[in-house]
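Asks: Those protein sequences? They're chains A and B, same order as listed. FYI, my numbering numbers position 494 of the first sequence as 494, with every residue one higher than the one before it. Position in the second sequence (from 1) plus 778 gives the number in my numbering.
Calculated directly from the structure, the hints in this document are not laboratory data. Check each hint, because a few of them may be wrong.
Calculated lysine-lysine pairs in the DSSO-like style (CA-CA distance at most 30 Å, straight line) [stated by the list, open to error]: (1) A:Lys-726 <-> B:Lys-1239; (2) B:Lys-1029 <-> A:Lys-186; (3) A:Lys-622 <-> B:Lys-1243; (4) B:Lys-1041 <-> A:Lys-556; (5) B:Lys-1041 <-> A:Lys-101; (6) A:Lys-55 <-> B:Lys-1243; (7) B:Lys-1239 <-> A:Lys-66; (8) B:Lys-890 <-> B:Lys-902; (9) A:Lys-714 <-> B:Lys-1243; (10) B:Lys-1041 <-> A:Lys-189.
From the derived model, a few chain B residues whose C-beta atoms are all more than 10 Å from chain A [claimed, not checked]: (11) Asp-874; (12) Pro-893; (13) Pro-896; (14) Pro-916; (15) Asn-985; (16) Ser-1001; (17) Lys-1002; (18) Arg-1026; (19) Glu-1046; (20) Asp-1074; (21) Gly-1198; (22) Lys-1239.
Yeah, the Cβ is synthetic: ideal placement off N, Cα and C, and Gly gets one too.
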Amino acid sequence: MKQKLLIFLVLAIVISVVFSIKTGVLNSKNERYTDVKIPDVIDYNFHIKPILSDKCYTCHGPDANKRKAGLRLDNETSAFEELSESPGEYAIIPEKPNKSKLYHRITTDDPKILMPPIDSQLKLSTYEISLIKKWIKQGAKFKKHWAYIKPKKNNLPEIASSKWVQNEIDYFILKRLEENNLSPSKKAKKETLIRRISLDLTGLPPNEEQIKSFITTDSEADIGEIIDLFLASPAYGERMTQNWLDLARYADSHGYQDDNYRSMWPWRDWVIHAFNSNLPYNEFLIWQMAGDLLPNATKEQILATGFNRNHPITQEGGIIQEEYRSAYVVDRTNTLGKGILGLTLECAKCHDHKYDALSQKNYFEMYAFFNNVNEKGIQMTVPEAVRRKYYADAPFLTITDEDVNNTLSFINKKENEVVSVMVMNDSTPRKAFILDRGEYDNPTEKVKPNVPDFILPFSEEYPKNRLGLAYWLTSNNNPLTARVFVNRMWGMLFGKGLVETSEDFGVQGSLPSHPELLDWLAVDFVEHNWDIKYLLKKIMLSATYQQTSELTPVLKQADPENVLLARASRFRMSGEMIRDYILATSGLLKSEIGGPSVKPYQPDGLWKDTNAGRGLLKVYKKDEGDKLYRRSLYTFWKRTSPPPSMTLFDAPTRDNCEVRRQKTNTPLQALALQNDIQVLEAARVLAQNIEHKEEDTTKMLKSLFEKILIRSPKEDELALLEKYYKTTFDEFTVNHDNAVKMASIGEYEKTWENPAKTAALMLTSQVVYNLDETITKE
Amino acid sequence: MKDKNKKAESPLKINRRHFFSQLSVGIGSLALGSLLIPDLFKSDADTLGGLPLGIPHFAPKAKRVIYLFQSGAPSQLESFDYKPTLRKRMGEDLPDSIRQGQRLTGMTSGQKNFPLMPSFVDFKQYGNSGAYISDFFPHIAKIADDICIIRSMNTEAINHDPAITFLQTGSQQSGRPSMGSWMSYGLGNENKNLPSFVVLTSRGKGNSQGLYSKLWSSGFLDSKHQGVLMRSGKDPVLYLNDPDGLSRSDKRHLLDHVSSLNKLHHVETGDDEIESRIAQYEMAYRMQMSVPDVMDIKKEPESIIKLYGEDCQVPGTYAANALQARRLAENGVRFIQLYHQGWDQHGRLPTHMASQAKDVDQASAALVMDLKQRGMLEDTLVIWGGEFGRTNYCQGNFDPNNFGRDHHPRAFSIWMAGGGIKPGITYGETDEFGYNIIKDPVHVHDFHATIMHCLGLNHEKLTYKYQGRRFRLTDVAGNLVNDILT
């Protein structure tokens, strides 16, 4: 014990000394980057700006209020100006780092004038300092931020060997692999590939027929046909909608503390329909942003504008109307930023953006577009709303049988029922102001609807309203919209986008790993009329997408985060996908599309424990029958208590727009997969189905494994399962009561004759359902 | 990658990551001493909280926090802020010179006048410090010399949702990490079988406001820092219990096979995430034992039951949760957040507040005494309070026996005890109307900065970079309240 302690102590001292050096206690420089080669040509956007933005902009950036010493480094003109506090001196003199004050201040030994200041907790590494020096030497050239420059389709890069490539995408990927002396991986096995394609396009495992037809295909053309089949299945629209709901912060409740029921689900049904009918992305956006303002707007187009009413709405008595109305407008503005433009606009709500060239004025000019809705902070308190069955605040659209029989046939509504859905209008023109610190009761300068010029000036031809905004968003010249969407789709398939921060393409966001590829895809997407199915198919037909996800020791060493894509990514599915996967493989999944949200199994008491004591959603009343087995996108979403089987797997609360989920790995997830009735029941039903079809134990277990994992078990895997099944069966045979208890879990019909057999097979299914491979897209 | 719960093979490796995570949050220098804190070496691959940043910025006084949140906002005028002037001027209209244009909620903005209403109950002075405490809280009165009463808390929000969110996350808008998540992120976990941030809820009979999971959400921090709601009843943690018919040995048998198959696949794919999954399954298996054990109060002696009150034997009550909090604290849980709903007395304050106070008074005091007798109060910070105060004028009809009070953000009272906080003092002062603060204001950001300080964290240094910005619990503000620190 003493010895151990001594070793620890010695180790601790050694480590601390080593790291003290690295962290600057013993040496003022951070030497972590000594091995990294300084590039030949320094690019402002990719090398310099990230440093300036991270370490300097806080005091020398766009925020005029926080600017120190009058120095502004984010824009070319002011960076070259004479320093206001040191006449005759300049922060940057092109080609002359040693005469540039900036260089002097970041390299000085004098702690009093060292930049960034010691107390800022920020520090430049020697690598960063070398980059800045070389950049100044090369003339200190500034460039507009990469994401605000309109994307171009450059020539495909030259590559050494084109043997591997299947389409344009692969040129860009291979180029970087070659630069890094890496080779792409081999193609994934067919059963892996069909599972991957099916999960990516439908969110469900492939069915037996699909597997069979795929396994027998040979050529790329056939893969294309299979992809087309998946794209044509109604499950495609559901899968895409699931993805859009986080962004659109869709919920079945109003949020805030009372969190009563709202009826927004017909909007969700529209989204499914839009994806399934492959509405081009530009129109998809125009309708949601401003369908109501289109000439001769149809009811469908108006319904689409529910997008901007999905935000939380308070029903707390005693609130100040304007405070909340303003919060709703803010929410719409932020959602536009984060979800569609890839910009963290909300930072500019309270002050000029510290890192992006986005001013508070820009923010409230965008805000002004959403400010004219005929709405209030609160329209009704909960008790009143319940009494009057008022589940949609004005303005709303009413949907009747007639609508459903005619144009809105995609809405899965009960007959004779009239449903109201919140939508947008512009019937209450209001003056908009810059709100000081973002506070509703601090209006200052008056503003008109407008967009930031540095992205793309607002065309004279556009109406100055949401419709104009929608045209601006979807203009072929808008540098962001297509890039951001293409990147999100890439992220959906590969686990992360080419720009990892899919919500932030601004100066502080991450840089694209393959900028030319991102641009190529964005331009190609727009050239193909914003065709989403085309885009997905394009990516999936690439050799890059079709690689195996196996991780070799070489790749693990060279690129553990898989930035260069020398393999496919392997990552855990979303909570929704896991639940759907389990339902589908067990045979329980009901394929009905749309309709009011349903309430499947969830642990008792969750709503009861925390509700405000008012409203319709005080107690979770579980549904029965088929409603227990619908796809997870139909699971009722109560904002203050969202379904735990989703949130445990990193689903957001839907209080705000979110475009990127974490992928954590926690013990609570392990418990959910082991003990959620939904999963246990599925295991039982799968067991029942299999034991009715197969007699032979080995065949039974093989079938079980194949149904869940879409591949045959290997010998050792099968041996383990057989061993497990046999001992479990023996035990349940002895312990009959336990067998009956196990085989009775869940409400679905019990068809077993020998409970020991069913229970043993059920637990064997549970073993497989709990495998990492089952919940992972490989 | 931050969203992976990586497995750590050796303490050496942990240290390396600690250092780098320190670098990433911009903490420049490290002292050797901080390397030697025992928690650091205790943590291993199976720590539920994963790898913490681990190293406090300076020597902490408190190791953990128990926050007794009184949701709905208890009246300071009937608890800790004694204002005899209100009795003298009862029924008079609140002078404009005092109100100074303070905004009103929609509930009283329509009221024509604002008649001053004195406390419904009497106040007396207690302890050596002579702290004023109302008759609603006879047990808390007994610990007057152990607590620090702050009468000058103030907030910016005037409605419950933004006010609670502000107090819990440092921002009125939802989406930021909860205080407990920040502590878990900054300090990691002491117990490998329990989460580092636990939430317990209860509800009184008074007018209540909803609670929401966003209050204990980890926001942009890794979700392993999320608060874990432990509930009364048979499943204290969601999905904790195995189904009927599955014995503990059956479970072990099942897990062994899951593990074997996972290992085979790990060899094939080379993905270490599978190893991490195996470790999480083992952790879950251990939690199935450790959680019921820590929740089981049957082992508590009669004297303890008496101390907390009979209610503590009724699962789901505030008293039971208070006792539970002590047990969790003993087991190394870093942040224990209680919520007791029902303090929103817009009307019928005399009866409703009496019943709310009865729910929490004895158990709150018992918790402090219990921690003290175990020597744990020194390193446990206990906080008691709501999200804002209540108006000194009455809401609705003027009836001294049955009145209400509206929301009042400008001044309210809370108390703190234990780790790092001076005992037996009263801090801050409001004017004779109990309306405005006239001495030593403590803003919510200051409150957060001070709590963090007690835990050895510099609120300006514990940052997390998200969407290009380094976020802090205290946003861009917050000053230490030095006068209340030991």
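Asks: Is the Cβ of Pro-896 (chain B) more than 10 Å away from each Cβ in chain A?
Replies: Correct as stated: the minimum Cβ-Cβ distance to chain A is 23 Å, above 10 Å.
Asks: Verify that the Cβ of Pro-916 (chain B) lies farther than 10 Å from every Cβ atom of chain A, and report whether the claim holds or is violated.
Replies: holds, 28 Å
Asks: Taking the closest pair, is the beta carbon of Lys-1239 (chain B) still more than 10 Å from chain A?
Replies: violated, 6 Å
Asks: Does the no-contact call for Gly-1198 (chain B) survive, Cβ to all of chain A over 10 Å?
Replies: holds, 23 Å
Asks: Taking only the CA atoms, is the gap from Lys-1041 (chain B) to Lys-189 (chain A) under or equal to 30 Å?
Replies: holds, 20 Å
Asks: Given the hinted pair Lys-622 (chain A) and Lys-1243 (chain B), is their Cα-Cα distance within 30 Å?
Replies: violated, 40 Å
Asks: Regarding the pair Lys-1041 (chain B) and Lys-556 (chain A), is the alpha-carbon distance no greater than 30 Å?
Replies: Judged against 30 Å, a Cα distance of about 18 Å means the pair holds.
Asks: Check the hint pairing Lys-726 (chain A) with Lys-1239 (chain B) against an upper bound of 30 Å on the C-alpha distance.
Replies: violated, 58 Å
Asks: Keeping to a limit of 30 Å between CA atoms, is the pair of Lys-1029 (chain B) and Lys-186 (chain A) held or broken?
Replies: violated, 39 Å
Asks: Against chain A, does Asp-874 (chain B) hold up as non-interface, every C-beta pair farther apart than 10 Å?
Replies: holds, 19 Å
Asks: Beyond 10 Å from chain A, beta-carbon-wise, is Asp-1074 (chain B)?
Replies: Its Cβ never comes within 10 Å of chain A, the nearest being 19 Å, so this holds.
Asks: Decide if the proposed pair is consistent with the structure: Lys-714 (chain A) and Lys-1243 (chain B), CA atoms, cutoff 30 Å inclusive.
Replies: violated, 45 Å
Checked against the numbered hints given earlier, this structure breaks hints 1, 2, 3, 5, 8, 9, 15, 16, 17, 19, 22; the rest are met.
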